[in-house]
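S.K.: Sequence:
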Amino acid sequence: MENFKINGQEATVENLTEAGYRRYRGEEMDIYYNANICEHVGECVRGNPAVWEVGRKPWILPDNGEKLDNQRIINRCPSGALKYIK
Numbered sequence: 001m002e003n004f005k006i007n008g009q010e011a012t013v014e015n016l017t018e019a020g021y022r023r024y025r026g027e028e029m030d031i032y033y034n035a036n037i038c039e040h041v042g043e044c045v046r047g048n049p050a051v052w053e054v055g056r057k058p059w060i061l062p063d064n065g066e067k068l069d070n071q072r073i074i075n076r077c078p079s080g081a082l083k084y085i086k
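In my numbering, the protein residues as written are 1 to 86.
I should point out that these hints are in silico values taken from the structure, not numbers from a laboratory. Possibly wrong hints are sitting among the right ones.
[To be verified] Listed below are the simulated PhoX-like cross-link pairs for lysine-lysine, each with C-alpha atoms no more than 20 Å apart in a straight line:
#, residue 1, residue 2
1, K5, K67
2, K67, K86
3, K86, K5
[Said to hold, decoys possible] Cβ pair distances, simulated, as ranges:
#, residue 1, residue 2, range
4, Q9, A50, 18 to 26 Å
5, G20, V41, 12 to 20 Å
6, E14, A50, 24 to 32 Å
7, Q9, G55, 13 to 21 Å
8, K67, R22, 18 to 26 Å
Just so it is clear, CB atoms sit at the ideal spot from N, CA and C, and this is done for glycine as well.
Please build the complete structure, drawing on both the sequences and the hints.
M.R.: Spelled out as structure tokens, the structure:
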């Protein structure tokens, strides 16, 4: 899945915010998450629990993983609940 796109267009802060995504800021990249569409498959948590840990606040810490690894994991999200800006 191309999770750097939303509705067929390149993701931007504006269109992700309008679509209900929350921004989790990092030094190298920001990760966006929309709880309303998450299917809770767990690809993210299994992919890197240092970045994605349910129960921790904030539950997403982008800097706890490498940028390319984070992008690879986000692209495995089947629902599109996780996004990033390329």
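S.K.: Evaluate each hint against the coordinates.
M.R.: Each hint, compared with the structure:
1. K5 x K67: holds, 17 Å
2. K67 x K86: holds, 11 Å
3. K86 x K5: At roughly 9 Å apart (the allowed maximum being 20 Å), K5 and K86 satisfy the hint.
4. Q9 x A50: 18 to 26 Å: For A50 against Q9, whose Cβ atoms are near 31 Å apart, the range 18 to 26 Å is violated.
5. G20 x V41: 12 to 20 Å: Holds - the Cβ-Cβ distance for G20 and V41, about 19 Å, lies within 12 to 20 Å.
6. E14 x A50: 24 to 32 Å: holds, 30 Å
7. Q9 x G55: 13 to 21 Å: Since Q9 and G55 have Cβ atoms about 34 Å apart, the given range 13 to 21 Å is violated.
8. K67 x R22: 18 to 26 Å: Holds - the Cβ-Cβ distance for K67 and R22, about 19 Å, lies within 18 to 26 Å.
Of the hints listed earlier, those the structure fails to meet are numbers 4 and 7, in rising order.
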